[in-house]
Amino acid sequence: MTKTIAVTGGKGGVGKSTIAILFANQLVKEGKRVILADCDVECPNDYLLLGQKLKETIKKVYAQFPKLIKKKCKKCGLCAKTCRSNAIFQAPGEYPVFIKDLCSACGACWIVCPYGAISPKKEETGKIFVNKIKDNFQLITGLAKAGLEETGPVVTKVKDFALDFAKKNKADYVLFDTAPGIHCPVVSALIDCDLSFCVTEPTPMGAADLSLILDLCQKLKVPAKVILNQADLGDKRKISPIAKRYKIKIEKEIPYSRELVEAYSQGKLLNFYL
Amino acid sequence: MSGKKTKLVVASGKGGVGKSMLTSALVMLFAKEKKVVAVDCDADAPNLAIWLGGIRKWDKNIPVIASARPEIDYKKCDGCGLCAEKCNFSAIKMVHPVKSVKSGVEQFNRVKGKPKVNPFLCEGCGACEAICPKGAIKLKPVQNGEIKSAIRRLAERKKNYKFHLVSGQLFPGETGSGKVVDKIKAEADKFDYDLMLIDSAPGTGCPVTAALRDANFVILVTEPTLSGFSDFKRVLEVVNYFKISWGVVINKWDINPKLSKKIENFAQKKFLGKISYDQGIFKAVSNLTPVLETNLKVKNEIKNIFKSLQKWLGR
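These protein sequence lines map, in sequence, to chains A and H.
Under my numbering, read the first sequence as residues 604 to 877, first letter to last.
Under my numbering, read the second sequence as residues 318 to 632, first letter to last.
Note that these hints are calculated values from the structure, not bench results.
Be a bit skeptical, because a hint or two may be false.
Derived contacts from chain A toward chain H, CB cut-off under 8 Å, selection only [what the hints assert, rightly or not]:
#, residue
1, G615
2, K675
3, G680
4, A683
5, V700
6, D704
7, C709
8, V790
9, S843
10, P844
This structure is a prediction, so every number in the text was calculated from the model and none was measured.
A virtual CB, placed ideally from N, CA and C, is assigned to each residue, including glycine.
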């Protein structure tokens, strides 16, 4: 059975990608087959940290956006009324205007249109790449179109691709490196995972955001473990009460390392282990 | 720029590069000469208040109801499955309860049956409500977050000054991060201000576009790492799409001076300044001491960035 582990953290820049890569390296060293899926589709970085380039797209991700067929439109206004993203604007007596920046590609408008005047138009919303790092270590990268409103569905597609890829390659582990924050793209990455590593730092911000992500994990019923990065900076007494509140222990403390920071900065994390 | 309300956003793409730290310091500097409202638009993980020394008591607490969830009337539902088929967020699955032979506990068999909504994936878009031929689905409004505001009073060399702080929180497990950001900004807009300083979420998705949408100027914070540079260019695509003028600040520039120089060259005239890496910041923020109230070197570096910004704002 493939084990699925998400590496997340709430706060940005706490070392999610670094921990995900170090953990992957460690598992590969132990002889496991590992797939690392970068699910931070807005700003994927794992490939850079492993000294890779994104070359050939393995798979494209699409969503359907509304397109107006003016000939059929009777300007009834139902589409604008239905749209909960405020992405359809209609001045009285005019044709509706679709504001792409706000559109979540949900499809409610063409479902509701009584005249069949809105047709779904398939558009690319993201790309998936595969890089072979080592024999037993493959990297999957999801990349959303910049400025795309709803990136959660792209994450779901990247995840499905990674799980399928894992099955074909008989992988022991799939690691999902998530975006910062707690909204849709993070939820999509976390959902149904066997375990999550919640990375944090010993600052009040790290503590506040850890409590949010642990709350989310609890709601999603994903068991969580805490990893305290740069443990010797700041004040780690901020973190233990949060972990305690969620009855989770701090799995690992990683001290600050100038060497690691430099390797990170240059994209040379391949020879570091957790 | 007297009489004109200016909106200045601090964004970055990559998280943890120093957006909130820089915003907090700029808020304190600008508040001495302008009517400032500071806005934390990272509703996922809001940290601006911490960088400003923490807020013990908020003046206002406003619920945000900017999401909705379908409620299914199973008496009307005939299990046609159209809602599940049309949900673009994979939030509806057709399930039907079967008794497990072993445990006798109800389990779900995902073959066909009745629709079940996964609230964590649901965007509250209403496509299911629109498609249901039996009228069995109704969308119900959901509180997905809250907004808080406070007045922060500061004193320096016997001179008193103040600013407003508006912050918000998306509740864990709820959707609609961008919509919460819209509400936070609308609340902030109610104050009388010359300058609105907005701390954006990382990334390029809905909370970021919501923060950027009507901005006059964007400060893009980055760090000299391959990921910092790459994410900066990603968010720049969005900034350029909205046609907003921008400037760059390089934080922790000395962890890779060579790459820092490269970013500086890339930015050319848009380069606003750089800040050194200083572990003292960790200690300061852990004690809830705002950066400007420390004796760290970064304090003067930020003051120089402030001067460049003043020039841009035309004072």
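List of violated hint numbers, smallest to largest
Hints 2, 3, 4, 5, 9 and 10 not satisfied by this model.
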